[in-house]
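Colleague: This is what each chain is made of:
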Amino acid sequence: MERNMTRIALFAALIAALGLIPSLTLAFGVPITAQSMGVMLAGAILGAKRGALAVLLFMALVALGLPLLAGGRGGLGAFVAPTSGFFLGWPVAAFVTGLIVERLRSGPLAVTVALASIIGGIVVMYAFGIVGMSMALDKTLAECTLLVTAFIPGDIIKAVLTGLITQALARSRPAALLSRS
Amino acid sequence: MTGVELRDIGVTLAGRPVLQGVSARLEEPRVGIVGRNGSGKTTLARVIAGLVAPDAGQARIDGADMAADRRAALATVGIIFQNPDHQIIFPTVLEEIAFGLTQQGQRPRAAEAAARAMLDRFGKGHWAPAATHSLSQGQKQLLCLMAVLAMRPRVVVMDEPFSGLDIPTRLQLMRYLDGIAAQVVMITHDPGQLRGFDRILWLEGGRLIADGPPDAVLPRFEAQMREWGGLDDLAHLAG
Amino acid sequence: MISLISPVETWAHRIPAGAKLLALSALTVALFLTDRPAVLAAATLAVIALYLSAGTAFLRQGARHLRMLWPFLLLIALWHGLTGQAQAGIVIALRLLAALALANFVTMTTRLTDMIAVLTWVLSPLRRLGLPTRAVTLAIAMVLRFTPMLVENGQRLALSWRARSPRRPGWRIVVPMAALALDDADHVAEALRARGGILNDIPDGRN
Ligand SMILES: Nc1ncnc2c1ncn2[C@@H]1O[C@H](COP(=O)(O)OP(=O)(O)OP(=O)(O)O)[C@@H](O)[C@H]1O
Ligand SMILES: [Mg+2]
Numbered sequence: 001m002e003r004n005m006t007r008i009a010l011f012a013a014l015i016a017a018l019g020l021i022p023s024l025t026l027a028f029g030v031p032i033t034a035q036s037m038g039v040m041l042a043g044a045i046l047g048a049k050r051g052a053l054a055v056l057l058f059m060a061l062v063a064l065g066l067p068l069l070a071g072g073r074g075g076l077g078a079f080v081a082p083t084s085g086f087f088l089g090w091p092v093a094a095f096v097t098g099l100i101v102e103r104l105r106s107g108p109l110a111v112t113v114a115l116a117s118i119i120g121g122i123v124v125m126y127a128f129g130i131v132g133m134s135m136a137l138d139k140t141l142a143e144c145t146l147l148v149t150a151f152i153p154g155d156i157i158k159a160v161l162t163g164l165i166t167q168a169l170a171r172s173r174p175a176a177l178l179s180r181s
Numbered sequence: 001m002t003g004v005e006l007r008d009i010g011v012t013l014a015g016r017p018v019l020q021g022v023s024a025r026l027e028e029p030r031v032g033i034v035g036r037n038g039s040g041k042t043t044l045a046r047v048i049a050g051l052v053a054p055d056a057g058q059a060r061i062d063g064a065d066m067a068a069d070r071r072a073a074l075a076t077v078g079i080i081f082q083n084p085d086h087q088i089i090f091p092t093v094l095e096e097i098a099f100g101l102t103q104q105g106q107r108p109r110a111a112e113a114a115a116r117a118m119l120d121r122f123g124k125g126h127w128a129p130a131a132t133h134s135l136s137q138g139q140k141q142l143l144c145l146m147a148v149l150a151m152r153p154r155v156v157v158m159d160e161p162f163s164g165l166d167i168p169t170r171l172q173l174m175r176y177l178d179g180i181a182a183q184v185v186m187i188t189h190d191p192g193q194l195r196g197f198d199r200i201l202w203l204e205g206g207r208l209i210a211d212g213p214p215d216a217v218l219p220r221f222e223a224q225m226r227e228w229g230g231l232d233d234l235a236h237l238a239g
Numbered sequence: 001m002i003s004l005i006s007p008v009e010t011w012a013h014r015i016p017a018g019a020k021l022l023a024l025s026a027l028t029v030a031l032f033l034t035d036r037p038a039v040l041a042a043a044t045l046a047v048i049a050l051y052l053s054a055g056t057a058f059l060r061q062g063a064r065h066l067r068m069l070w071p072f073l074l075l076i077a078l079w080h081g082l083t084g085q086a087q088a089g090i091v092i093a094l095r096l097l098a099a100l101a102l103a104n105f106v107t108m109t110t111r112l113t114d115m116i117a118v119l120t121w122v123l124s125p126l127r128r129l130g131l132p133t134r135a136v137t138l139a140i141a142m143v144l145r146f147t148p149m150l151v152e153n154g155q156r157l158a159l160s161w162r163a164r165s166p167r168r169p170g171w172r173i174v175v176p177m178a179a180l181a182l183d184d185a186d187h188v189a190e191a192l193r194a195r196g197g198i199l200n201d202i203p204d205g206r207n
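Protein chains in written order, with the numbering used here: chain W, 1 to 181; chain P, 1 to 239; chain U, 1 to 207.
You may find that some hints are simply not true.
[To be verified] Pulled from the structure, derived: some chain U residues nowhere near chain P, Cβ distances all over 12 angstroms:
1. 142
2. 187
3. 193
4. 194
[What the hints assert, rightly or not] Facing chain P, according to a computed beta carbon distance under 8 angstroms, are these residues of chain U, among others:
5. 5
6. 9
7. 26
8. 30
9. 35
10. 114
11. 144
12. 156
13. 159
14. 164
15. 191
16. 192
17. 196
18. 197
These are computed hints drawn from the structure, not numbers from a lab. Each residue gets a CB set at the ideal place from its N, CA and C atoms; glycine is no exception.
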């Protein structure tokens, strides 16, 4: 019980800490932050349920008014901005990522996790993000999809990194991989 | 039945025996534990505090099994970890100290008052709102000590509690410990810190190799450490 | 960790957090239900007046929190300028501005402890279902404790890397950082157990 709770709190903190890393700018001037990688890692390492709880805990802290989102943003505004759909999709993204890592046990871990992160952390997260954006900006889903495509390459890099990091962690701390225990 | 009672304790970690056949009944007010790195001191401290149930044997305090009865343990035994960063749970000093008191059933406001009183006792009242992560290593150690002492446990287990403390703080703390009724079990590498203690346990390779009053154990311990330290054969140092 | 609360103490700081949050939810829903430019313009003006009532310094501070909207406002202006639906563009822009500014206003005028009190109150029915609500407040405190610790560990590891390598650590630093963090989390779990663990029958933050 205590152990689960500290790990959930730890991953919520990891998502916060990753938001403090200065964002990288890709070739086309698209900023990518490490924060959504934290969401993928939470799902991949903690598994579906605990991963989603870690993300929810992080979101609660943002709602309480802490500037934990990349760029020092936070507060209730994070839930009504044009990009809030992505944010609201985070717990589902972590859950789906975790679920896939839990269920898909054949094949190399790095590949499975990268794949899970692409499905959970990109497909699912973008579905939420695009719906939210289309509501906020009053545009069609297709138009919004077009708007966000520039961010997909950056997120694919993050999914691959999530796979590599999870594999390295599984080697150095096999017991830490709750999604496979 | 009073005191810490260890009966034939055995602990195995990752398939390796870390403690074997450790037996002792500790009734003295001040007990020191010495031994080389990796000899099992921290593990024994965890067993005494009930954080690890031994794989063999029995550990009890005042007749109760601390690993099984965590609620009794809360009032009976406090432990101060070797690394304060492993112990601090809360973002501010006041919360960290008050937490254990609310755990013991005190109302939040009473707990906070008691926490402030503890800080004042060490002249650190101004620390109350400070962020725990902004404290220095030694200050963190003092915070951990205050947090555990505020709970007034019957037995205080301390794992190298003074390694980062400056001399005035250490002396102040020793005086404080002298003034309370709690039984102290202290792990240290410095025999000088065990002056005035009543009994010393010496662990080596997970076994108790000496147990007795300081006059009998410490000179032998120091001589042995010097002898090993004088050797250039590092193979011996591989714990 | 500093909250986004404004250091400028305003009248709104003294209004109960629950009331502010309730009003915020109702008003945000209302903003998304209307399409009339006049209503939305009036709402935006009202929000600006709300900020102004707390002083110009507060207004400036609030404006800074809206910076993230600029790319979207620009996008809307371009899009609707090109398609010639200016009115629809204005509706969307005003709604975005008003909704975000209103939410930020509540955040800027509500203390963290008051927010946590509302959260525990909202969660309290769950306690009857056996959910340990005290664990939630404990977990929140732990995140605040862990975040600077993680950042520090990361910096320490990066230093230790640079002391022994001419190249920058990059993402590789995340692996030892996460491993260290997991160990620390387990130690803190033990520390929590040493002080009684998660006991559900202990009164929580409210007296
Ligand atoms: N989690 C663990 N898993 C496996 N082995 C462990 C674990 N913790 C400790 N050990 C081993 O148990 C032995 C005793 O460790 P312990 O921490 O009790 O030593 P110690 O006497 O406190 O040492 P030090 O003076 O360095 O603090 C060591 O050999 C260590 O490698
Ligand atoms: Mg030790």
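Colleague: Give a verdict on every hint.
Modeller: Hint check results:
no.	hint	in the structure
1	142	6 angstroms, violated
2	187	3 angstroms, violated
3	193	6 angstroms, violated
4	194	5 angstroms, violated
5	5	15 angstroms, violated
6	9	18 angstroms, violated
7	26	32 angstroms, violated
8	30	37 angstroms, violated
9	35	45 angstroms, violated
10	114	15 angstroms, violated
11	144	4 angstroms, holds
12	156	11 angstroms, violated
13	159	16 angstroms, violated
14	164	22 angstroms, violated
15	191	4 angstroms, holds
16	192	6 angstroms, holds
17	196	4 angstroms, holds
18	197	6 angstroms, holds
Hint compliance for this structure: hints 1, 2, 3, 4, 5, 6, 7, 8, 9, 10, 12, 13, 14 are not met, and every other hint is.
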